[in-house]
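A.B. asks: Residue numbers (this note's numbering), protein chains in the order written: chain A, 1 to 98; chain B, 1001 to 1371.
These are computed hints drawn from the structure, not numbers from a lab.
Quick caveat: nothing in here was measured; it's all calculated off a predicted structure.
Beta carbons: idealized from backbone N, C-alpha and C, even for Gly.
Where hints are given, some of them may not hold.
Stated by the list, open to error - In silico negatives: residues of chain B with every beta carbon more than 12 Å from chain A: (1) Val1028; (2) Arg1129; (3) Asp1187; (4) Ile1205.
What the hints assert, rightly or not - List time: in silico SDA-like cross-link candidates among lysine to any residue, alpha-carbon distance up to 20 Å: (5) B:Lys1194 to B:Arg1173; (6) B:Lys1103 to A:Arg56; (7) B:Lys1012 to A:Arg11; (8) B:Lys1103 to A:Asp75; (9) B:Lys1103 to A:Arg54; (10) B:Lys1289 to B:Asp1211; (11) B:Lys1194 to B:Asp1170; (12) B:Lys1307 to A:Pro9; (13) B:Lys1012 to A:Ala94; (14) B:Lys1103 to A:Arg57; (15) B:Lys1103 to A:Gly93; (16) B:Lys1103 to A:Gln55; (17) B:Lys1103 to B:Gly1085; (18) B:Lys1012 to A:Phe59; (19) B:Lys1012 to A:Ala14; (20) B:Lys1307 to B:Arg1025; (21) B:Lys1012 to A:Pro9; (22) B:Lys1103 to A:Pro58; (23) B:Lys1103 to A:Asp50; (24) B:Lys1307 to B:Asp1347; (25) B:Lys1103 to A:Ile52; (26) B:Lys1103 to A:Arg45; (27) B:Lys1103 to A:Gln51; (28) B:Lys1012 to A:Asp50; (29) B:Lys1012 to A:Gly93; (30) B:Lys1103 to A:Ala43; (31) B:Lys1012 to A:Thr53; (32) B:Lys1103 to A:Met60; (33) B:Lys1194 to A:Asp50; (34) B:Lys1194 to B:Pro1087; (35) B:Lys1012 to A:Arg83; (36) B:Lys1103 to A:Cys15; (37) B:Lys1012 to A:Ala12.
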Amino acid sequence: MIRVALPAPLRALACIDGEVQVAVAEPVTLGSVLDAVEAGYPALRGTIRDQITRQRRPFMRFFACEQDLSHETPDTPLPGAVRDGSEPLLVVGAIAGG
Amino acid sequence: MSAVRILVGTRKGAFVLSADGKRDRWSVGGPHLPGWEIYHLKGSPAEPDRIYASQSSGWFGQVIQRSDDGGQTWAPVGNQFVYDGVPGTHQWYDGTPHPWEFKRVWHLEPSLTDPDVVYAGVEDAALFRSGDGGQTWQELSGLRGHGSGSRWQPGAGGMCLHTILLDPTDPQRIFIAISAAGAFRSDDAGVTWKPINQGLRSEYIPDPTGDVGHCVHRIALHRSRPSVLFMQKHWDVMRSDDAGDSWYEISGNLPTDFGFPIEVHSHEPDTIYVVPITSDSQHYPPEGKLRVYRSRTGGNEWESLTKGLPQRDCYVNVLRDAMAVDSLDSCGVYFGTTGGQVYGSADAGDSWNAIVRDLPPVLSVEVQTLA
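My request is simple: use the sequences and hints to build the entire structure.
C.D. replies: See below:
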């Protein structure tokens, strides 16, 4: 299972406690993991990526294994530690006050 | 026993204020949807426990929430707002073409008769309709496509469609207003539209009497006389007696005719309320005195209403969707401020009390009168 850590407002929106775990077939990519998260939690559609273009929302960032994946393409394979479930994919709201 | 429910949208969540018909003791529910901007929430006239809310965030975008139990619990519904066809361009602040981009929902207007039908006014300006309780949304693109859209431009708060008025006597007739494009009317349930801005004069735009380009802040009507419209424009308070075909100024003796909300008494079609604000660059009341102004003559002759409102050192604003009335025998009037106060009057504005003082900045106030 792939682990995904979401920011607190999105966990509240989708009624999620803790991390999300999703099953994703190989190849496990940034896009396929986000597809699985949105399929499992429809309330999250449009909150991380645009629903039509699938572009990352401007204030959202993606990290894993101390790597910034925010600017990677959706078909970028995720690190092995994410694929084997030992590390989560981190979905983070950019820090900008508010 | 009748009751009143005030739906308050704020920068950091929604609140539901409740009282019985005496309106002297209030309970405060919330924050609902905490931490998110709630631009607007409004209940269905046909099914008052159904309430729609616009929830948004600079990080996470637009969410639409629906409650079917009077605001106690909420569930997200559809949030996909896609412009019909190729969106094209409107004017940017500097007059250059700028592509239409969806940003947020400013106003939700439930149908007067069908709880599953609701309209959404969005930024960049467009009107959407849902016929399935908010699950899916379709643009009424005849508005954006009627011909003047390329000349619309944003106001300071963005290019928002902020007012939607449904004519209670004619289901085909809809009025909307956009900042800064003006007012528009459809006589065929939203299929086709025309600008209704004749008589408006706005010195801050290239053509002060143009058919579009006016920064209309809010329009209001009385349900018994929907062909009479009242408007708070960027500057000027205006009135139309012919469903918007022509307008004339009714600012009269107001201390300033800049402001945002305008509202009509629930039983007196010629009694109207505004909250004068110093100027377009000073968004607070003149002289630090928070005053509601009431006209009982349909405009021009205004009286200040101050009893119970701060009359010194007050520098809050009252935003365009943040004033509403109830329909009890003695009309209640309510408004919220950017300082987090919600004031209420149970005597048509003669006296006021702060129902709650320390909410986040108030974006919208709607009132439901419950049997």
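A.B. asks: Please name the hints from earlier in the document that this structure breaks, with their numbers sorted from lowest to highest.
C.D. replies: Of the numbered hints, 8, 10, 12, 28, 31, 33, 35 and 36 do not hold.
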